[in-house]
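In order, the protein sequences belong to chains A and B. If you read the first sequence in numbering that gives the first Met the number 0, its first letter stands for residue 0, the second for the next number, and so on. If you read the second sequence in numbering that gives the first Met the number 0, its first letter stands for residue 0, the second for the next number, and so on.
Think of the hints as simulated: they come from the structure by calculation, not from any bench. Owing to the predicted nature of the structure, the values given are computational and were not obtained by experimental measurement. The beta-carbon is built from N, C-alpha and C at its ideal position, and this holds for glycine as well. Treat the hints loosely; a few may be bogus.
Not the full set, but computed from the structure, chain B residues with beta-carbon under 7 Å of chain A [said to hold, decoys possible]:
#, residue
1, Phe53
2, Ile64
3, Ala148
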Amino acid sequence: MQNCTDKELIEHINDRNSKALSVLYERYNLGVFNFVLRYTNNREIAEEVLQETFVRIWYASHTYVPEKGSVKTWVFTISLNITRNEMSLKRYSYQYVEYEEIFESENNGEISDFSNPIDILENIELQDTIKYAIEKLDPFLKEVVLLKHFHNLKFREIAEITSTPEGTLKARFHKAINQLEKYLKKEI
Amino acid sequence: MYCGNKNYLLDLYYNEGNNSYLSDIKNHLEKCENCKNEFAKLQKSLTVLNAIKFEQPSSIVLKNILKETAISNSIVNNEVSNESNFLNPIIQIVVGIIFVSLVVYVISIKISLSPIWNYIKSTWFGDSFGSIGVAALIVFLLGSFVTLAISPILFLTYHQRKNFN
């Protein structure tokens, strides 16, 4: 079972093989969990979404169409849809600000380079700062940064997941990086 | 060709595109100082993001998922075994009629032999129904009792299947 491809695992899941689901879970649980965790910055929601994603995979395995994309894309599409649903509930409303407006007035819009990335990487506080900065991004910007940078999906695949043109996604990515950069400059 | 469009820098950083496209970009960066600086800036920004480490979800999540799959599997297995064990509906009805008729017949014989039947027969009740009639009434009452007794189980099973579907 461990040597099966993702598509073969989906076929086994379709035959109600829970071992295949466990193997698929082993492959994608970290990705899905950390994607949702960074998206929501809430561990409880991330675990709920992770569970719901794999339960849906179990019940909806027959709806997977290999021609439409990879299993990885399909799994992330399911988790993104569940996350968006969760976040659209009033109890988890989005809270984000346009950093450009804040920092252009404080810093005249200038962006300075990171001086020593290796030192910065070792700083645990930086992790929290980055997490906080990502959390504050607009959801559409956040999606593309998380899926692209942290989960190594191709822009073509992210376009399938989010139903957005590749050009728009790249523009969003640049915008997100600019916002993160500005925020991190101020915090570091 | 590439100046003024930052998208190609992303393609180079993430290695997306065919070799000739990527080598074209590299050649351009060697000639264009502005684009080279932009790429260096992008690299630094994205390197900082790598500070975030992946976290592990709780092991309860997988247990809950497998619990859910086990429930659905047990329902499916029950349905399969029910299908294989039970005869088709027409045969079920025929077998049911034969079974009920036999029970009525046996009870009516027993009743006719018993001293209680002799007492019942002497009243208007026995006269109007006869032994077969009384036996049928007993079977009907017993059947109603059993149906009512198992109705909560039937109700729960129905809802469980409905939720599964």
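We went through each hint and held it up to the structure:
no.	hint	in the structure
1	Phe53	holds, 5 Å
2	Ile64	holds, 5 Å
3	Ala148	violated, 33 Å
Violated hint for the displayed structure: number 3, the only one.
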